[in-house]
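Q: Use these hints to put chain B onto chain A, whose structure you have.
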Amino acid sequence: KAGVTQTPRYLIKTRGQQVTLSCSPISGHRSVSWYQQTPGQGLQFLFEYFSETQRNKGNFPGRFSGRQFSNSRSEMNVSTLELGDSALYLCASSSGDSPTEAFFGQGTRLTVV
Amino acid sequence: AQSVTQLGSHVSVSEGALVLLRCNYSSSVPPYLFWYVQYPNQGLQLLLKYTSAATLVKGINGFEAEFKKSETSFHLTKPSAHMSDAAEYFCAVSDPTGRRALTFGSGTRLQVQP
Numbered sequence: 001k002a003g004v005t006q007t008p009r010y011l012i013k014t015r016g017q018q019v020t021l022s023c024s025p026i027s028g029h030r031s032v033s034w035y036q037q038t039p040g041q042g043l044q045f046l047f048e049y050f051s052e053t054q055r056n057k058g059n060f061p062g063r064f065s066g067r068q069f070s071n072s073r074s075e076m077n078v079s080t081l082e083l084g085d086s087a088l089y090l091c092a093s094s095s096g097d098s099p100t101e102a103f104f105g106q107g108t109r110l111t112v113v
Numbered sequence: 001a002q003s004v005t006q007l008g009s010h011v012s013v014s015e016g017a018l019v020l021l022r023c024n025y026s027s028s029v030p031p032y033l034f035w036y037v038q039y040p041n042q043g044l045q046l047l048l049k050y051t052s053a054a055t056l057v058k059g060i061n062g063f064e065a066e067f068k069k070s071e072t073s074f075h076l077t078k079p080s081a082h083m084s085d086a087a088e089y090f091c092a093v094s095d096p097t098g099r100r101a102l103t104f105g106s107g108t109r110l111q112v113q114p
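Protein chains in written order, with our numbering: chain A, 1 to 113; chain B, 1 to 114.
The set of hints was computed from the structure by calculation and includes no laboratory data. Just so we're clear, the structure is a prediction, and the values are computed from it rather than from any experiment. Some clues are possibly wrong.
Stated by the list, open to error - Okay, derived cross-link-like pairs now, DMTMM-like style, lysine to aspartate or glutamate, Cα gap no bigger than 25 Å in a straight line: (1) K58/B <-> D85/B; (2) K57/A <-> E15/B; (3) K69/B <-> E75/A; (4) K58/B <-> E71/B; (5) K57/A <-> E75/A; (6) K68/B <-> E101/A; (7) K58/B <-> E75/A; (8) K57/A <-> E101/A; (9) K69/B <-> D95/B; (10) K13/A <-> E101/A.
So here's chain A without its partners, still in its complex pose (with noise of 0.2 Å):
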């Protein structure tokens, strides 16, 4: 069984740009959320998609958005980035059903300068 597959790993981008990163999940699977991961604030949660839906959001400016399609892939939006964005950006793959239990990919490490 495929696991969670992240794209790309690394990204280099220039503040002001947007930037987009995939996710497909593990097959079967409905849920996918999103964690950013960074020194000084950990990991935190971004928002959840579910059966297309957004079903979960953190507590993240509106510059940070995000879609799933109907094979559940899920892709997540960053504008007019920030140098504050530079993070290890993860992505995770659940049934959505309880008890859950969360798959994660392998990450994009997000740099932007």
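A: Okay, now just chain B, sitting in the frame of chain A:
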């Protein structure tokens, strides 16, 4: 609201020694609890989970954790550390509906000395 506190951002043990990583939680409802491990430049791998069944949970790689409601703790242990255990470990809490996000602790970096 849920929260997790991991005591000790860095723990160093000798190879073969007991590993004890501490986690205390706060939750207004009976929680589900998880331990994840992260190796450098990698995602998170689930070590074990507590979902209101047995309070002593066994996981992968010889790790186990005990849920103690009275102490609101879920400490991770391993009887004998291996060099390959060197990594960062995260404790996380979720509500039993599974419909809320995981709340993570700040992590504990485990060093294993030869």
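Q: Would you mind marking each hint as holding or not holding in the structure?
A: Here is how each hint holds up against the structure:
For the hint linking K58/B to D85/B, the alpha-carbon distance of about 16 Å falls within 25 Å, and the restraint holds. Under the criterion of a C-alpha separation no larger than 25 Å, the hint pairing K57/A with E15/B is inconsistent with the structure, at around 42 Å. The suggested pairing of K69/B with E75/A is violated, with an alpha-carbon distance near 38 Å, which exceeds 25 Å. The hinted pair formed by K58/B and E71/B meets the criterion: a straight-line CA distance of about 19 Å does not exceed 25 Å.
Restraint check: the Cα-Cα separation between K57/A and E75/A comes to about 15 Å, which is no more than 25 Å; the hinted pair holds. Restraint check: the Cα-Cα separation between K68/B and E101/A comes to about 21 Å, which is no more than 25 Å; the hinted pair holds. With a CA separation close to 35 Å, the supplied pair K58/B and E75/A exceeds the 25 Å bound. For the hint linking K57/A to E101/A, the alpha-carbon distance of about 18 Å falls within 25 Å, and the restraint holds.
A C-alpha spacing of about 15 Å is found between K69/B and D95/B, which places the hinted pair at or below 25 Å, so the restraint holds. Taking the CA atoms of K13/A and E101/A, the gap is near 32 Å; set against the 25 Å cutoff, the hint is violated.
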